[in-house]
Structure formats: C-alpha cells, structure tokens
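Protein chains: 2
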Amino acid sequence: MHKYKGSSKLLLLPRNTEEVSKILEYCNSRRLAVVPQGGNTGLVGGSVPVFDEVIINAGSMNKIIAFDKVSGILVCEAGCILENLISYLDNQGFIMPLDLGAKGSCQIGGNVSTNAGGLRFVRYGSLHGNVLGLEAVLANGDVLDMLGTLRKDNTGYDLKHLFIGSEGSLGIVTKVSILTPPKLSSVNIAFLACEDYLSCQKLLSEAKRKLGEILSAFEFLDSHAMDLVLNHLEGVRNPLPSAVHNFYVLIETTGSDESYDKEKLEAFLLHSMESGLISDGVLAQDINQASSFWRIREGVPEALMRAGPVYKYDLSIPVEKMYSLVEDMRLRLGQSANVVGYGHLGDGNLHLNISAPRYDDTILAQIEPYVYEWTSKHRGSISAEHGLGLMKANEIFYSKSHETVQLMASIKKLLDPNGILNPYKVLPHSLCSYS
Amino acid sequence: MHKYKGSSKLLLLPRNTEEVSKILEYCNSRRLAVVPQGGNTGLVGGSVPVFDEVIINAGSMNKIIAFDKVSGILVCEAGCILENLISYLDNQGFIMPLDLGAKGSCQIGGNVSTNAGGLRFVRYGSLHGNVLGLEAVLANGDVLDMLGTLRKDNTGYDLKHLFIGSEGSLGIVTKVSILTPPKLSSVNIAFLACEDYLSCQKLLSEAKRKLGEILSAFEFLDSHAMDLVLNHLEGVRNPLPSAVHNFYVLIETTGSDESYDKEKLEAFLLHSMESGLISDGVLAQDINQASSFWRIREGVPEALMRAGPVYKYDLSIPVEKMYSLVEDMRLRLGQSANVVGYGHLGDGNLHLNISAPRYDDTILAQIEPYVYEWTSKHRGSISAEHGLGLMKANEIFYSKSHETVQLMASIKKLLDPNGILNPYKVLPHSLCSYS
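Keeping their order, the protein sequence lines are chains P and H. Quick note on UniProt numbering: the first sequence kicks off at 1 and runs consecutively. Quick note on UniProt numbering: the second sequence kicks off at 1 and runs consecutively.
A hint or two may mislead.
In this list, chains with the same sequence are indistinguishable; a pair is considered to hold if it fits within one copy or across any two.
[To be verified] Pairs of lysine-lysine, DSSO-like flavour, derived with a Cα cap of 30 Å: (1) K413 <-> K208; (2) K208 <-> K321; (3) K69 <-> K262; (4) K202 <-> K69.
Hints in this document: simulated from the structure, not taken from any laboratory.
Let the hints inform the model, and build the full structure from the sequences given.
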C-alpha cells in the first residue's frame, strides 16, 4: 500500500530454534532491536523494520515435524507456508482450521503471531481454540517449550495464548502444534444477491439455524466491491448478471454427505427466495464454478489495490450496526472517494476499504479518527483480525481499557525488558520507553 | 473425598464487582490471603482455604446481564450456576458450549477459572475458544474490563486467557461473556459395547469421519465402572444386558434434521456391528432413555464415592496409549484396589479412578508418583481438565518445562506481588514465597 517503507541493513534466516535463540541472546545483550517476519502479508506494518531493526525471517524453518492421523494434530515449524500445510493435510484427509486469501505466501508462525482469522472462522473458530501448543523464543534467548499435542491440558497458566496475537512483541514463535479437522467430502457453495443489508442479516440468522452444523463460511460484499472485482480482475464474471444487486453473499457448507448437503442448501435457497430475503442465487455446479465464486470474494483486496490508493480498516462491529458505518462514511466523503464494504459477516467482521484517487491528508483526516470513534462508540474492535502493528498501536485505547493496556505494557516489560522485540508495534508509544 | 479440610473464619459474599474490588484492595493492603470460591465442585482442593484464608464466594453475583439472540452471545455474572444458564438459553433456543456432571452446583466463574472441559468439548472445544470476554478483579482491587462481546478482536495481547484456567490465583473473575451455539433440534444417543480397547479407538476414528459434523459426544467407560454404577446407583439398568462386555461407549449426535441424523447414526451402528467393532448397541428411543444412558456415564463419579475411598486422576494421554495405564495400574495394585477407567475418549481425556477399602499410604505410594511419571513419559498432561489446585501444585513439572513454570511464577509475582490470591495452589511451593 506504499504506506510504510522498511529500513534495515541485516536480514537473518535462522534454520532452527537454536539459531533464533542465539540471535536473540546476542541482540538482547547488545540491545539491538529485531523485527520478526513471516510471509510479509500483514496489512498494518507489523513486520516492517521502522528504523534499523535486524530482520529475523522464519522462512527457512519450514519443516513439518509430525502429523497424527488419529487425533488430527499437526506439528510444524513456524515458517511453513499456509498453502503448503493445506496441501499436505489434503493428502492426509484433513484440513487447516484457517484459510485466507494470502495463503500462498503467509506462514503459520505469522498466522499464529497475528491470530489470523480468515474464511473458516465461522465454523472452526479462533486460533486460541485450535492451537494446542507452541514453542517460542523469548527476548533473552530462552526457549519456551509449550509444544503440547493434547486437546486438554490444565496444568498451570496457559501461556501460549500470550504469544497468539501479540505480533512478535513478546517472543518469536518457532514451532506450532495445531488441531486440524477431518476433511469432509461434501463442499457446496452458493452465490446470492440481497437487495438490502437487513436481508443479509436475516439470511445469516436463518443460515445459522437451518444449515446449522454444515455452515462453513458466510461472506458478503457490496455492489461497490463487486464492481471493482469485475472491472479490475481478469476473467472474473458476475454469476448473477441478470440485474444489478446491492449486496452479494457467499455461503459455503461443508459436510459428510454430498447429496444430503446439497439438498439442504437447495431447500434453504428456495425458501430464502420465496420469503424474499434473496433476489437471486446460484449454486456452484462443479469445482471450477465454486472456485470462481471464491475468486470474487477473495479478489476484492487485489481489485482494490489495482484501483489505486486504498485506506483499509478491519473492524468488528455488532452485525446489526455494521453496514451503517459504510453508509455514514459514504455520506461523509461524498464524491472524493469510493467507500467499499465487504468481509466476514458471519463473524461480525467488516472490511471497510476506502479507494481514493491519491493518498491525501485531507481524505485521511475525514476518515480518522472518525472511523475509530464510531467503532468504539458501538463497542466494536478497531482491529478484528489484522492486528495493531505500527498503524494502530497508538489507537489501542479505542478498543481496550486503560487498566488492560497498562497490564499489557507490564507484561511486555517482564518478557522483553530491553524492548528489543518488534518495537513501535502493538502497544502505544506513550507506555513504552525506547531508550 | 475427605482429602482436604477447609479452615477459615470468614466467608464473604460480595454482591457486585465493586464489593469484590473493595475486599481485595483491603486484603491486599493488609496482606490477608483470600480463596475465591464458586460452587465448590472442584476435585483438586483449589477452593479450599488451607490455613486461614478469607473466603470470597461468588454465589451472590448471579445475574444474567444480556443475551443477544442474533449473535448468541451471553453476558452474565460469575456466580451464575451452569444449569441455570443452560435452562435460560434453552428457552432462547441456544445451548451452553460446555456441560458437565456438576452443572447443578458449579458456577460459570469457576468453570472459566478452572477452564472446565466436560461433555461437549469434542464438539465445541475449549473455553479459550468460547469465552469472548471477561471482567476480573486483580489482587490490588483494580478492575480489568475485558468484557468484549465480539467474536474477533485483535487489539493487543488477549489477556483474558491468563484468567481462564489460572484457578483464581491471578485475579477473581466477576463477569463472563460467552459465545453460545444455536440449539439444534435433533439429538440422538447410542449406547454401545466393545470387547477391547482397540475397537473403542477405531470406533472413534470412524465416528469422527462418518458422523463428522453431527458428533457431539464420545464417552467411554470400562466394565469396572459399569459394575459400580449398576451396584451403587438406584434405578440404573444396563441397556445391554444380554452379555458382559469389557467396554461401553456413549455416542451423541446433535444436528438440525431429526430423521436424517437418526438414519445416519443407525447406518453407522449397523456398519460398526458388521465390521465387528461393536458387539452390541442400542439407540435411545426417547428422551427418557437418552437421559438414562447419560445417567450411566455421568453417574460414575457418584457410584465411586458411594463405593468408598477413591483416588482420582484426570489425565490427557494420546488416545492409543490411554488404556495401557489402567492395565498397568491394575497389575501394579493387584487385589488391593479396584482400578476404574472412564472418560472423554474423544478428547484423549482419561479419568483414572482407584477405589480402595480405605485411604492408605501404602496404596498411595504405589500410585504416586508412578501415575505422574507414566503420564509424563508419554507426553501427557497430569491434569486434563480438573486443574492443579492444592493436590498437584508441586507436580506441575511432570507436564510443564522449567522455563515455562518459571515464567508462570513471574507473571504471578507481577499480578499478585503479595501472594494473597489463592496461595498454595497451582504453582509449586518452591517458586512462591509466602512470607
């Protein structure tokens, strides 16, 4: 996004935990700041060396260590690329509990460190539930072996959670143990059109109850997002071309019985059509069509990039209020920018993207802090899944209480007294001393 | 179990967070130790005042604060009894993601503080995944408002996880926000017999794949457990009386379509019978029969209590090795005790119970530390779901590395510098100074 420019003279590619440990021990003793990097697919500047930090890239630690077919537990190194893990598991009859557009580059260590959400969250939930164990190296080089492979373990504080989502600021994740669900044979995808946001919401409530245990994704995009995809991505066609619609919803079901699941989804579509919740809809007839539906939803960020400068916000907002922010922002910005709303409706996660002719302080001043204040007022989160990174470190108080942030800073101080791990990120600068 | 005798001169029943805060502020300033109590259903002495601790009982904080029917998010006070929450949600068309035998007394604050597992874990996973937010009071009286009601929130360290499973030693949980799944209309239960443990294992693998998304419980008990239930609980009958079997398995499915789900479970049973995995089996025909099946599994702890003194162990062990411990223990103890194995097979969680004619140091010396060493050797956990409490605080190193326990102690020191919160519990005494 041309927002941050990295500046570093040294990139290290450790091959194993011991090397990470030696690097950190050395850097800590000399008070040299480091920035851990995975696949560099983050959107908030979390992996950017701000001044002169030493880059520690996990890419050379990319081995799968073990996979247990009985329990479905995978143990691997942090640098494994998500898509490679997905392919590996596919051959074993399992799937990763997370999937996201950046899967071809992002690494599992980065996914864990940023608590990535993604497309399967509505079904399989958070990494806090799916990650069973971690190995992490602390700032002083100490290796924390928390690499359990058990579904249940209540022996003391579950410290791995400190490293899930702390964006490399408390330690560097080097190994991951994760519970993977069995691959179910039947996947069905529908692409639907709704005329208003209220219908999208009602459709979600209905889907949760009627599709119940087979619902595996509930994504939405507005007509602005659809137009961008159709105009900027090659080979993408509108699956519902007969009319212009205001909203599009992608529903995926995953189950163990092809004919039954399909029948169930068809019945759901028919019922939704009859009750007027959807104005049109189509069920993917084969895997190519299914991919083409996903391509539309997953292609929105790419289409936005191609359209020009973009201001990106990743927000959690109670579902019923979510789209009001998009509408408010449109009124506020008028003709000066194209306001686009899409995201993981099933999780209450809106991606608000504002596409502008150029990066411009006047436009930015119209957006921020308005968008954060709006979100805070509605008890939302200013970062649903992207993290705070560099971009939002100072905005943390919009979503967290003063006492909570103070405790975060105390924990940072305890684990990284010299502040060498990913400085300027996550925590507000007022609470961190970089001397 | 007559194992611990509480000793306290003062029990306080705060009515709200502010009162908890004032109590802790006062106790902290005078260095008075406190023990937080929920429903007192723990099994490891976690809520017992060891010497003279002030008891802070959450029972008077029992209000439901809010329930959002769109998102299924429940917010309530810590003292709500689990069964009351289950009933409340039932009326709203939702269920709690956890359920356990002690539901009639245990409180949600205690469930969260001990990271309770229970009977629905195989389907809905851990409280680390289901609890969305918490309010907790720190040792110094500071109130930490982390009571978010969002499925996704990546704004800084997710500190609520520190309080989930730390058994009241880092703070007192006063409010909980939890994601509750929609109640699905179709619940089916089968009670099956297997002749050997290997068949139970294979049946689990098959069930995960063939019942897939509708599997909601997979519990087992051995013939020793069954005999105890039949002999000590009134009105319980063996659903499979035609022969004596070595193992019994209870399978529950939960889905959205009664006739289809039943058909699926029936087909699964038929196939398992034909392939010889099960030697007998019966499907509950109505809700009374379903309850009677659950009564057998849930009645095991009660039957054991009635049979006399019992040594209880709650272990996570890789499924394939789990029952070997029961057999090894039988060989080791010979005629001196009745060794019983049952538990949550679907989660790799064994409840090893040893029923003896009397509490006897000779028997105990035969069991401990052998059972912990065995578990540690197989990379298991010496506490799957019960926690460490007083009973196993000093045994933590069997399941956690030295560096990890050291960091736990540092975090304890940071949050509770005077060590007033639930002393003598969770962490090994060697790392805590009680001056």
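Structure-based check of all given hints:
Proximity of K413 to K208 under the C-alpha cut-off of 30 Å is found in neither arrangement, the shortest distances being 43 Å within a copy and 44 Å between copies. Taking identical chains as interchangeable, the C-alpha atoms of K208 and K321 lie at most 30 Å apart only when both belong to the same chain, with a minimum of 19 Å there against 38 Å between chains. In the homo-oligomer, the alpha carbons of K69 and K262 lie at most 30 Å apart both inside one protomer (28 Å) and across protomers (27 Å), since each shortest distance falls under that limit. In this assembly of identical chains, the alpha carbons of K202 and K69 lie at most 30 Å apart only when taken from different copies (12 Å versus 39 Å within one copy).
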